[in-house]
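Undergrad: As a plain string of letters, each chain reads:
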Amino acid sequence: MFSSADVPREHYRALHDLLGALTGEEFHARCIARDRAFRDQGITFSYGGEERPFPLDLIPRIVPSEEWAVIEQGVTQRVRALDAFLADVYGPGEVLRDHILPRRLVASSVHFHRQAAGVKPINGVRVHVAGVDLVRDAQGAYRVLEDNLRIPSGVSYVVENRRTMTHVFPELFASHRVRPVADYAAHLLEALRAAAPAGRRDPVVVVLTPGIYNAAYFEHSFLARTMGVELVEGRDLVCRDGVLYMRTTEGEDRVDVVYRRVDDEFLDPLQFRPDSLIGCPGILNAARLGNVAIANSVGNGVADDKAVYPYVPDLVRYYLGEEPVLANVPTYRLDDADERAYVLERLDRLVVKPVDGAGGYGIVIGPHATDEELAQVARDINADPRGWIAQEVVHLSTSPSYVGDRFAPRHIDLRPFAVNDGKRVWVAAGGLTRVALREGSLIVNSSQGGGSKDTWVLAGQEPQREVVAETGPLQRRPDVRPGSPLDLGPVMSSGQQQQQQQQQPPPC
Amino acid sequence: MDRVNSWRLLVRHSTTSRYAAEVFASYNEVRLTPMTDRGQVTVDERVEVVPAARLFRHVDYWGTIVHTFDVHGRHTELTVLGSSIVDTSARRVLDEDATWGTLALPTLHDDLYEYLSPTRFVAPCDTLSAVADDIRTRAATPSDAARMAIDAVRDRLVYERGHTTASTSAAEAWEQRRGVCQDFAHVTLAILRAMGVPARYVSGYLHPDRDAPIGVAVSGESHAWIDAWIGDWAPFDPTNGEPVGERHVVVAQARDYGDVSPLRGIYTGAAATDQDVTVEVTRIG
Amino acid sequence: MLTRLAESLYWFGRYVERAEDTARILDVHYHLLLEDPWVDESAACRALLEVMGVECGEADTCDIDTVTRALAYDASYGGSIVGSMSAAWHNARGAREVISSEIWECVNATHIEIASRASASVPQPHKFFIWVKERAAILAGLADSTMSRDDAWRYLVLGRSLERVDMTARLLSSRHQAVWGDGGWTTTLRCCSAYESYLRTYQRAVDATLAAQFLLLDRLFPRSVLWALRTAEQCLAELDPSSSRVGFDDVARRTLGRARTELEFRALDDLLGSLPDHLAQLQNQCTAAAGAVADRYFRHTRPLEWTA
Chain S
1243 MFSSADVPRE HYRALHDLLG ALTGEEFHAR CIARDRAFRD QGITFSYGGE ERPFPLDLIP
1303 RIVPSEEWAV IEQGVTQRVR ALDAFLADVY GPGEVLRDHI LPRRLVASSV HFHRQAAGVK
1363 PINGVRVHVA GVDLVRDAQG AYRVLEDNLR IPSGVSYVVE NRRTMTHVFP ELFASHRVRP
1423 VADYAAHLLE ALRAAAPAGR RDPVVVVLTP GIYNAAYFEH SFLARTMGVE LVEGRDLVCR
1483 DGVLYMRTTE GEDRVDVVYR RVDDEFLDPL QFRPDSLIGC PGILNAARLG NVAIANSVGN
1543 GVADDKAVYP YVPDLVRYYL GEEPVLANVP TYRLDDADER AYVLERLDRL VVKPVDGAGG
1603 YGIVIGPHAT DEELAQVARD INADPRGWIA QEVVHLSTSP SYVGDRFAPR HIDLRPFAVN
1663 DGKRVWVAAG GLTRVALREG SLIVNSSQGG GSKDTWVLAG QEPQREVVAE TGPLQRRPDV
1723 RPGSPLDLGP VMSSGQQQQQ QQQQPPPC
Chain H
115 MDRVNSWRLL VRHSTTSRYA AEVFASYNEV RLTPMTDRGQ VTVDERVEVV PAARLFRHVD
175 YWGTIVHTFD VHGRHTELTV LGSSIVDTSA RRVLDEDATW GTLALPTLHD DLYEYLSPTR
235 FVAPCDTLSA VADDIRTRAA TPSDAARMAI DAVRDRLVYE RGHTTASTSA AEAWEQRRGV
295 CQDFAHVTLA ILRAMGVPAR YVSGYLHPDR DAPIGVAVSG ESHAWIDAWI GDWAPFDPTN
355 GEPVGERHVV VAQARDYGDV SPLRGIYTGA AATDQDVTVE VTRIG
Chain C
23 MLTRLAESLY WFGRYVERAE DTARILDVHY HLLLEDPWVD ESAACRALLE VMGVECGEAD
83 TCDIDTVTRA LAYDASYGGS IVGSMSAAWH NARGAREVIS SEIWECVNAT HIEIASRASA
143 SVPQPHKFFI WVKERAAILA GLADSTMSRD DAWRYLVLGR SLERVDMTAR LLSSRHQAVW
203 GDGGWTTTLR CCSAYESYLR TYQRAVDATL AAQFLLLDRL FPRSVLWALR TAEQCLAELD
263 PSSSRVGFDD VARRTLGRAR TELEFRALDD LLGSLPDHLA QLQNQCTAAA GAVADRYFRH
323 TRPLEWTA
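Residue numbers (the working numbering), protein chains in the order written: chain S, 1243 to 1750; chain H, 115 to 399; chain C, 23 to 330.
One thing to keep in mind: the hints can contain errors.
Part of the chain S face toward chain H, derived, beta carbon under 8 Å [said to hold, decoys possible]:
#, residue
1, R1356
2, G1360
3, I1364
4, P1511
Simulated from the structure, these hints should not be mistaken for laboratory data.
Beta carbons are placed, not taken as given, at the ideal position from N, Cα and C, and that holds for glycine.
Build the full structure now, drawing on both the sequences and the hints.
TA: Next up, the structure:
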């Protein structure tokens, strides 16, 4: 937020002034209003087995429109390239034959599901929804930290954070033109409908959830509600002869598109874990037959495998013939002997991550780690070099946050959400800004004590509005017809009232 | 040019599962249709299921033909019958002169990565690695190494049913000194891969009679052998040590048994009590 | 609609009603015990627990605190107020997309608050009972004003109505036990919010027969058994509009129809003369109807276990 000590960056000035005018008590009252709103709506996440309201920091993060344009372009590019990559590795495998990416990395990825080979999505899309994690480095450039192409979550917080902010801090919005985020569900629904089998005129879309005990159940329910589609569990579905149905009180209804929030390993007990109670056997073969679309596709995890990540810039060049708009964070491949030796010498200055970890678990941040931790991770790397990557420490940008009862700088990242309908990749104007609430921490995951901020993408110029103004002041008045007066019930005349009062003398 | 010696075989592979009580919602994938590949043409193929079910066909990652079906009605017995007519001949290996240098090429190593890596059945163990090291120091070429590996396996293992199961690993079979074709294949794969020779598991059928008369149905069996990459894929049959030819019918080629099991499925209800498998092979031309 | 959602709505309706009715029943007993100095508290409490289907050991002393703990505060028991509200919350959570967000927020706020309300009210349970009735009333009002009259609504109302029949029958059973004699009917009516309505209808002092008759058979009062039976029947009719020229295929509808006609067309003396038997039968019919509804509409809602 600040360009140098105490001088806010240009686009934060109005916010800085407004917040500066509030007393601590006034600000605290807004915090209470926020907590009540989240609690009543049941917007919670699981933290150590306990449901807690999602911590929203009331100070928004502001992204100017020109910065956003770069993010939008970069995320779109990345999604297109990774979608093409997935079509390739589950199809002809040209990228492997051309040795752009070692087959070894694909074949040894735990998320490379050979069961999905040859499944051709109806409209060609495998990445219907992506969440691309970005950080802003010391030079002010956004870099990609990781891609989430399986079940990217958090978008419900983006929308609910905004709704809560407009309730709690309406005056902030009066002084900024912030692009809306509430249209996410409409775009998602369009993309899902576009994935439906050909010839289904009014395709039936459902959201598949593991159930109410899942940590992200709120989001599943949110998406189903805002799209106006059924939220189903595995036990509601049945495959018959390669067609998917849901069990209703009137019989079985055909399902065309499943936006699933169940992991690959649990989705189809015929193909994966037979002990899954939350999946639907036969669903992958139904997708293979083109009778149902699964979004996101099965096996997408090979493209967001952290060992594949260093190659994504090459994949962008290979599939799109373009230079990457967003750079990666400098990354070392630990199954390369030279790079491994280099990394092992400098562990205390690097970040080491497990390749199939999620939620910030297992990450070792060199500069913050103890000697024992470093020794342990060195042993782990030597035991399984394919299981780890190392990255330079990125000095995440900070943003002022309300912690305890005061404002303090905290590290932040940004997860924009992209929706792909096969013709166009649309990036929701905003995204989830996660904030590491512990002082000095670089880990922003909510499971590790992180919170979030509303992310404001400022609107650029909108030329259409200006044109309307030129047609003259009279025309600008909206065309309003006056309504007729409201009907009212009978009213006693004042004489009547007086007489009624006079009937009884006052008691004293 | 030599006339290629060719057989036409009719293979009927029937599997019946019986359950202790009624089961329902049964979902299955079967892999029992011979592939069309070098040296083999599948002329006709059919899969039937009782109770009747609609079948769908696709080709999996390894190139195996898969039929899928589901049965929803209650049943106590499920029969799957695969019949096919296949023309077979000796496999021609275009190149068997790869050197150890060829196999060390990084690009080749990467292209054949999946056939060089350990798997659940073909996991490395100290004993097998020692056997592999010994062969590797003595073999001049990968081709020699493949033959020596087959000899080593045949010296060690005795063919004997009932000592191993469908889930026995290479190391376990080596320790037990006996096994069936699946075990012979897994042990051979383990040794070859430990030497850096790419090798794959082949499953299919074998006609038991070298001089099979035409038109006589005989009881055959599911069989497994291996392909080693020694410049090209070359087949070896470690179980009987004979060349792979007209009598062999290829259904699948992959990393190990786990990728090719003929019948895989899930259902709801009582446990299966037994399974009857019969394979009948007839030379018809 | 999805069978699983239909089942969740049905149970949501039942559990909210159960929480409310249990609060009402406990409220009656609490007050009756205060008002009646001669009653044998232990016997009255045992009778109540029995009527509510809770086993109580012979040796233990049983007083109103025992009863309140078991039927109001015991979170582990699905028949207590706290347990019912928690079950209602779980069902609502699984059906969030078909109930309005206002209903959800109300259920959720109730769920969050109920434990602290319960513990704060231990010295004055009446306050807790009032609060539960109010929450139930808000939920009913929100359902009424925010839900479309589609199948989701019908399953909810069906569940609520069946539960009301059952619970009102239990309330009457508990009142009719020999322990109470003929007193306390005013309190009973009050706790069913039926006192004013009773007075306007009969325009005379409360008497045992008339009060029972009112709670059982009044055609206009919405908490009477007859009203709830009719509502349940109507829901079933709308859920399956196909009608044949002869009889009804739907077992649940036949059961409820029979229960209603037996109440409606039986001679009053006969009915009130052997009221305990009729009430017991009514509860059996409720159970049978609920079973038939589950059989017909809620099959396949359990996950299957797969064998490889």
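Undergrad: With reference to the structure, classify each hint as holding or not holding.
TA: Here is how each hint holds up against the structure:
| no. | hint | verdict |
| --- | --- | --- |
| 1 | R1356 | 4 Å, holds |
| 2 | G1360 | 6 Å, holds |
| 3 | I1364 | 16 Å, violated |
| 4 | P1511 | 6 Å, holds |
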